[in-house]
Amino acid sequence: MGQRRRAGTVNTSSSQRFSGAPAQAARKHNICMVSDFFYPNMGGVESHIYHLSQCLIEKGHKVVIATHAYGRRKGIRYLTNGLKVYYLPLQVMYNQSTATTCFHSLPLLRCVFVRERITVVHAHSSFSAMAHDALFHAKTMGLNTVFTDHSLFGFADISSVLTNKLLTVSLCDTNHIVCVSYTSKENTVLRATLNPEIVSVIPNAVDPTDFTPDPSQRQDDRITIVVISRLVYRKGIDLLGGIIPELCLKHPDLHFLIGGEGPKRIVLEEVREKYQLHDRVRLLGALEHKDVRGVLVQGHIFLNTSLTEAFCMAIVEGASCGLQVVSTRVGGIPEVLPEDLITLCDPTVGSLCAGLETVIARQRSGFVPSPASIHAHVRNLYTWRNVAERTEKVYDQVAGEGVLPFNRRLQRLRAHCGPVAGSIFAFVAVLDFLFLLFLQWLVPDRVMDIAVDATGPHGLWRQETSHVEMKTENV
Amino acid sequence: MMEDETFTDISGKAISLGCQSHSSLCREFTVSSPKVSVAKVMVYTCCVWLLAYSVFFFTENTAVLSSAILVTLLGMVLHIHFVKVDQESLLVIGSLGIQLSSSYASGRETTTFIEMSKIKDIVINEAIYMHQIIYYLCVLLKDPSEPNEVSSVVPLFQSSKPRLNCLVKVYKSCQEILSKCR
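Listed in order, the protein sequences are those of chains A and B. Be aware that the first sequence starts at 1, since it is given in full-length UniProt numbering, and climbs by one per residue. Be aware that the second sequence starts at 1, since it is given in full-length UniProt numbering, and climbs by one per residue.
No incorrect hints appear here.
With the C-beta cut set under 8 Å, the calculated list includes, among others, these residues of chain A facing chain B:
#1 Gly-75
#2 Pro-89
#3 Val-112
If you're looking for bench data, these hints aren't it; they were derived computationally from the structure. By construction, the Cβ of each residue, glycine as well, lies at the ideal position given by its N, Cα and C atoms.
Hey, can you work out the whole structure from these sequences and the hints?
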């Protein structure tokens, strides 16, 4: 079945290296990252995939990325260091996530997996339909699968019940799952009823060179509180609306600097209007990632009011710029920073105000560590190299495990996902397998050209004498 | 003529690559695909005729049958005249330029010529074609006014679509000639 097919490819692709590889300690993988979210779309998942891929390339693995086409950006592109990106022409349905029918993406994804000789498929983000499709197809084709979850979900409302069911189906036969914090792990294990042993925790990272402190940008006659987040309910903007007037009344030298855009902007504007705080509360609107540091260094205190958060990147960035961090004690936030760098409060206006008051008092007395010392402390906490090293270990483990045979996979689906959903998806898996057989008959693997490696052990990138010159164009 | 390797196109059908060296700066590459197979013509004709007969069986109108004959004849003529390409050739002349010609099954030929001053380079590129990802050879054109920009791309061997090993062969010889005349 799937396994047999892969064995065939390995033999025909003239690589003795592959058959001898498992014995070696430093094994190189051919990794395909799949997600709907990638540049030019901006966000945490996108930068996570990009930085992780770059560090894996540095370690000598071959990495390609598959995502959907963004406007006119379709076809094949190369990024820094020969990172190859496939922008596949799949229809976008909602919020940059592709429509899923479970089948239509198989021909192109199979083509990518076969021609790049992929051994590990790494899907990202549970919001991405393409990631789930790729996991599904990869398992049908007998490839190892890893999934990274970047977000927390609820359990109560109907939409999360449905998403959780889909996640259960998608993850029950995935080799390994990676979460960004222990809270996120707990959440994912519960949502998808997983065995906790196959779930690892690898936090996100920040590029410390991007976020360096610069105390000269601060104005010393006032205390500035910086908030940078999307202005949505999930980020606790209503709490912020309660905090602003209370603290501004008590401290006349207190200023707020708020970056971000969203539907809750109106709440903040109302507060500003009602209490006449136009000179002290500045709303900066949407910020580009490169401008974030410029805003952060102007403040003394970084405030995060999130109501739910898997792993808060913003507070790490804030601390990296040398700010005092005040945050709500929700989700994975307590695990992110050591206690001396963060002040945790309950997600209520009263508790947040009390927390801010103590930090303001500390700031006034001058009894705070210098921004440079905070930066020095934070800069080695979360690095991409460390993330890549840990992810590499996951790949090594997964590669040693082997893939669930098809009949066992069907049994697993039916046993794990309930009688109705399990049977439906077992049926879909069978259809997917038949479709794969049809495609293998229509376009056999041996007529597909093996792609020229840009990265990995035989990567040609940077070599002057590469015998095939390649350019990327819109086609 | 040299033919030491067997080549196939992207769907696995055998094609042949002819390489003719007229001089050190002039080379001609010919990719020929197999002729129209009789079996394929028979299958298509039978399909149309069976369909026509079944319609005739219900309507009992003889015009259906005669139109079926017309459709098959016309279809065949159009197919060999406009669709089916027997041979595609690429003639590279170092100092002059590149001539692309394709001859159809009916004997019709189309030829285009690209001057050397407009050619920036010849490269192998990757593209998504239908439900496949393929390699193809293409000529990069430049505007003489902007010599560092690529103004457009002309794909080569568009109907025969050879696989990478064949493309690499053509690419290497083309680069040899192009490097000589720079």
